[in-house]
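The chain contents come next:
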Amino acid sequence: MATKKRYNQSTSSTEIIPYIIFGISMSFGSSSTSLPVLEKKIYPVELRDPKYYGSKAGFTQVSNQNKYSLDRLQQNKSIITSLGELGNNWNGYGGEPISSDLIENIKNILSEFEIQPQIFPTGRGSIQLDFFKSDDNLLEIEISSDGVFAFKKVGDREEEFDLQLSEIIPIANEFNG
Amino acid sequence: MNSTVNSDKKTETSLQITESVKEESQLSPEIKNHEYLYRGVVLNNWDLINNRISSAAFKDTGGASVDRDGGREESECIKNLLQVKDFKAICKIKAEIVRSYGAIILYKPIKSNIFHSEIHDSTERIQMRGSKPDKLRRSSLLVYINKD
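Chains as they are written, first to last, in the numbering used here: chain Z, 1 to 177; chain E, 1 to 148.
Next comes chain E alone, as it looks inside the complex (with noise of 0.2 Å):
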């Protein structure tokens, strides 16, 4: 029950922490169709054999973190993603391909980045399995690749 209760809390505090950051990043609430999502991706999430993504790339508990361009040059956005995370590859996918898939995209900035946003399965469900990461793999641009 406690936990349940402090879970809520959770949830409320990081509501309010990405509602007061949105009004900080001055970046319109709304993704466009035309805004490119970046992705970075792990050597564990990347295949050799077949020089590809791995779809399992795309399955984190809460939906799949991405960032928003948010107008930035895509060289800026491969840099700030390598600040983050010595990743082996980057890659990217339009906003109106996600949505042709049925997915949705939720704009979900926090404090270390304002960019940061969630692609869901639906409105139903938060996960996704199945063909959607499959598509969203085939479907990504890889912008950067680390070759070490």
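Extracted from the complex, chain Z is given alone in its bound form (with noise of 0.2 Å):
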């Protein structure tokens, strides 16, 4: 008679770590797939600097385990000082640096984030704040010297929207609640 293999108490760890290990597995393919067809091999890019991406788990991944972290928000506060340090065409195509004024702004707030966004700069001399779930759950919010610009995707529902700089951590907060 066949008998139907179950999580109990009295499983053992042996009998657990292969189906811990496919779901590490599936986990990995799943984020390896947030891009299209991809067309020529991908190789899995590690986090190489300890001093920035210390942790492995996402920083935008939802659990509670993320809420308030100091580690990610020290991350985060070393990444955004480092992003004053781009010059002109810092990405190839006339990339404008970033003001200092925008930096600081963007450092005075970090600690109000329940979950620590991913910070990027753009080509315009703006800091983009990305909380990214999936490709069809995310929040990213666009902050230069001439306002804040939030697009924001759940779904098949697209949002976008002009807000204030008093507006951030709210809309921020709500959507990771």
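Bear in mind the hints are in silico, worked out from the structure with no lab data behind them.
Model, not experiment: these values are computed from the prediction.
Quick reminder that beta carbons are idealized off the backbone N, C-alpha and C, glycines included.
Hints may contain errors.
What the hints assert, rightly or not - Over the 10 Å line for every Cβ pair with chain E, so calculated as not near, a few chain Z residues:
1) S78
2) G87
3) S100
4) N105
5) N108
6) S111
What the hints assert, rightly or not - To give a feel for the contact side, a few chain E residues facing chain Z, derived at Cβ under 8 Å:
7) G40
8) N44
9) I49
10) S54
11) A56
12) K59
13) S65
14) V84
15) K85
16) F87
17) R129
18) S131
19) R138
As the list claims (entries may be wrong) - Derived CB-CB ranges, DEER-like:
20) E/D86 to Z/T81: 18 to 26 Å
21) E/G71 to Z/I169: 48 to 56 Å
22) E/T61 to Z/V154: 26 to 34 Å
23) Z/D136 to E/L43: 20 to 28 Å
24) Z/S78 to E/D148: 16 to 24 Å
Dock chain to chain to rebuild the complex, using the hints, since each chain is given by itself in its own frame.
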């Protein structure tokens, strides 16, 4: 008689390990397909700089463990400080330097995020905060000296809107809540 | 006032250069739908956590600069871009897809790069924001990545 394997208290750790490994490999598989068909071999990118990317867990993955993480806050403060070192043409396409005022403004609000965003500079001198859960569940907030603009996609629903600097935290925390 | 005049003169000069380079390049001024547009991505715009390009990569002052393939082999397009900068990744997107999102593509050759082109938000606005950069990001195909 065939028996169905179930997790329970009597299941030994050696029986569970293959399932864990399978789960991990599935997880990596899904993350590497966030871009469409890859036409050439893509090598797995490792988190190379422990100064900025010390944790292997995603910045924007939503879990209680990541809420108000001091490690990630410090990593983001290092990243945003490093953006001040970008000179003219930093991206090969005439990218503009990021102003020190903008960097300070964002640094000042970082500690208020429940979940730390990923931080990217843009070629037009603004800074983008990404809260990326998946291709269909993301929030991008672009902050420049001209203002703040957000793009949110949840499922098929897309929203684009201007906002004030003071509205960034509640909107981001609501998205991650 | 003077700066405005200088700026106008500069624009006029760059337009003249663009037009003369266009004539020299012998490429069709119109970018066909089947052409691919290539874009280099620096490490600062690469999402190390999710192995993806951030849409921030498509947010330049003058729209998004790209290189049209202009009938070249892909390997040549990649090689030319890597001569400009040590990019983390290079992606490509078909002109037809860009147009399907309502963005426009302009062929704007420069002396150092006769394949240089720009993706603008629309005829009214140059810089892209909101859903368009995100759509470009997700529709882009990675053709090169530096594993170092």
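Which numbered hints turn out to be false for this structure? none
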